[in-house]
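*Asks:* In order, the protein sequences belong to chains P, A and F.
Each residue of the first sequence is one higher than the last, beginning at 229 in the numbering used here.
Each residue of the second sequence is one higher than the last, beginning at 229 in the numbering used here.
Each residue of the third sequence is one higher than the last, beginning at 229 in the numbering used here.
Think of the hints as simulated: they come from the structure by calculation, not from any bench.
Note that the structure is predicted; figures quoted are calculated from it, not measured.
Take the hints with a grain of salt, since some may be wrong.
No copy labels: a pair is met if it fits in one copy or bridges any two.
Okay, derived cross-link-like pairs now, DSS-like style, lysine-lysine, Cα gap no bigger than 27 Å in a straight line [to be verified]:
1. LYS452 - LYS329
2. LYS381 - LYS325
3. LYS324 - LYS452
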Amino acid sequence: MDNLIYSLHWFYFIVMAVGALYFYSLSRNPRGVPRYEYLIAIFIPCWSGLAYLSIALGQGFLDTDSGIVYFARYLDWVVTTPLLLLALALTAMFYKKKKDKAIIGALIGADVIMILTGLIADFSSGLQTYIWYTLGVIALVVILYIIWYPLRKMAQSSSAELGRHYNRTALYLTAFWVAYPTVWILGPSGLGLTQSITEVLSFIILPIFSKVGFSILDLGGLRKIGLETGNGYDVSG
Amino acid sequence: MDNLIYSLHWFYFIVMAVGALYFYSLSRNPRGVPRYEYLIAIFIPCWSGLAYLSIALGQGFLDTDSGIVYFARYLDWVVTTPLLLLALALTAMFYKKKKDKAIIGALIGADVIMILTGLIADFSSGLQTYIWYTLGVIALVVILYIIWYPLRKMAQSSSAELGRHYNRTALYLTAFWVAYPTVWILGPSGLGLTQSITEVLSFIILPIFSKVGFSILDLGGLRKIGLETGNGYDVSG
Amino acid sequence: MDNLIYSLHWFYFIVMAVGALYFYSLSRNPRGVPRYEYLIAIFIPCWSGLAYLSIALGQGFLDTDSGIVYFARYLDWVVTTPLLLLALALTAMFYKKKKDKAIIGALIGADVIMILTGLIADFSSGLQTYIWYTLGVIALVVILYIIWYPLRKMAQSSSAELGRHYNRTALYLTAFWVAYPTVWILGPSGLGLTQSITEVLSFIILPIFSKVGFSILDLGGLRKIGLETGNGYDVSG
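Excised from the complex, chain P in its bound form:
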């Protein structure tokens, strides 16, 4: 890898550190949003930043015959993507005292399958790659179904304002998550159409928006709702 790519990973690490500190500062004045929402928002950039740091330090990737495999990315995603989905699900269940564990379990199960099939696809070649890639896309479709049907209904039946906030947040997440496999299939792990540098840029810019950007949007909306509705629920959970 050349120096530009190392610099980009350092840049990403710093953005994540700043993001974590920002969410920590928000948590000092929670405005009716439960603490676990802040905790999730803080942990995601910590974990993701460490994964990218390992790449910046020349450790989190493998030089294989079929190109560089950034396995640290998958280590990042297998933890942060379930947490992003958990944050979205908890947003939909904002007013529910008892969280729906079956839906959360289904989301996380499908997500872990999506990330692992992506990892195996990255280490595969030829037809194998496309079989695993297809299975990963099926898992993504299941996730999107859960986000846009049962979860959305839950948010909308709680309050009109929560419904609108949920729609915005879910749409934001959907747009970025659909972008990932698109970049992947166009990139060197897939069809090899775009250059490695483009792919790496995408894997710097996309995750910043889909992680720190997502939490800014989600927490911002919840803080507005939490402030207006007051302490209608237990903040301590």
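Put chains A and F on the given structure of chain P with help from the hints.
*Replies:* Only chains A and F this time, still in chain P's reference frame:
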């Protein structure tokens, strides 16, 4: 591996896919059985099918000096066996509003130890193999103790019908789980008495019964009980 | 490794087995302490003992260019240290019916980061080692902050006796946990000042006190409190 073995793994993958779709279709008409029971029943064949698919694609095993180690099987078991035990424990606690997390934790802890010691045994040789194997069997004994004493008492004290259903389901699981280490010790990872093809056949037939078969039996019984007793508890959990 | 080191690991394995049996015997007469406290105390030495057994059997370490990396230790810690923190957090929340999952999540998140950065540091060299080591120490500082501020306040606001017991237990854990990175930085993975045998001795003696010793102290105090206060809460959880 020869073509027959590849074909058998493809066959297994298809059976699991059909099983997952079947449990999904049952979940559309839950009949008083909580959704998480269906979720567990759906996730188990999805995960197990993917693990076997990796073997069918020539990826999920290693050719070592002491024979082929199918590590994908352990990746399968380390996820599906805790879920099978969770399903059984939740069956015993069918009428309990507050699930007993200590018992579930003990079951899963012992189970993870059982699977990991089995994996290490498979990568070991000589005396080491038998030490790890013995520790795995001890973990199995702990699991069977929990199944047949505290959990069984819980099911029987709830209702006579649940007690009978639990006994049937626990006996079914016990029979198949005792068969696993028996096949293992007789097979090439252990004493090497039986041929590899016999072992692989056992690792196709046994898991179909102990996974999809188990869930058919468990869900079938719960659906009968759920239908009769009505909505005596919260289905949403 | 020489025979002394193997013997020491066998010795550790036996101590852990005795510890697990001791906590099991205590659990037969719980004295108002919830069963999950015993379960955690039993599971920790089981898991840790198995990890050290793998070293005693010549399996749980790698001979690398920069010295022996005992990866089984990290496999030990990544499971047992979250459980030790969970036990301490549950002690602070002894009288709370609803456990504070946000605090437990924060503790476990920081802890997993601490162990993983330590593992990467052990496999790194030069400057990399110190970057990862520093990040691990930051995670430890976060853990100690949570232990000594929010958790301590929780324990002290519950009862004076629980507050005293919590202080004792937290101080004990803090002392041993601060000793770990000190030994590490002085040892061959870090500065290389002390000899390998000293380090191994430290990794036998320290963990016995910080695992079995911790649980003896914690359970002993809770049993005294539980006996005096009677069944003021739900033992079944």
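*Asks:* Output the indices of the hints that this structure fails to meet, ascending.
*Replies:* none
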